[in-house]
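Undergrad: Sequence:
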Amino acid sequence: MRFAAGKHDRPIKIERMILEQDDFGQEIPKWVLVHQAYAQVLPNTGTERFTSDGKHSQEIARVNIRYKDGLDPTMRVQFNCKIYRILAVTEIGRREATELFLERWA
1 MRFAAGKHDR PIKIERMILE QDDFGQEIPK WVLVHQAYAQ VLPNTGTERF TSDGKHSQEI
61 ARVNIRYKDG LDPTMRVQFN CKIYRILAVT EIGRREATEL FLERWA
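Position 77 of the sequence shown, counted from 1, bears residue number 77 in the numbering used here, the numbering being contiguous throughout.
Result set (SDA-like, lysine to any residue): computed pairs, CA atoms no more than 25 Å apart in a straight line:
1. Lys-68 with Cys-81
2. Lys-82 with Pro-11
3. Lys-30 with Met-17
4. Lys-13 with Glu-103
5. Lys-30 with Pro-11
6. Lys-30 with Phe-101
I should point out that these hints are in silico values taken from the structure, not numbers from a laboratory.
Model the full structure from these sequences, guided by the hints.
TA: Listed below in structure tokens is the structure:
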């Protein structure tokens with residue numbers, strides 16, 4: 001499988017959470033940029049649930065980028081002014097591409 005660059009037309013940012021200390025020694029979470037890439041975004045499914053505190057919708061998507069080592073489910077993806085949690089990271093081919101499975105709750 002060859003990497004088809006023409007289909008990868010959506011800019012995304014992949015971020016990792018770090019903990020910084022404030023002036024009082026308390027840890028404050030901060031998201032820092034790990035990688036920027038152009039991706040092929042493939043919407044997968046969506047569901048809606050009604051709970052006691054209102055309606056919640058879940059969006060699941062797949063994202064393909066050029067191969068990038070070191071990505072894991074503790075990171076998040078910013079795409080189209082939305083933040084997605086990474087559910088899984090898989091390698092496509094022999095280090096040709098990386099596929100991310102993403103989830104977002106609204």
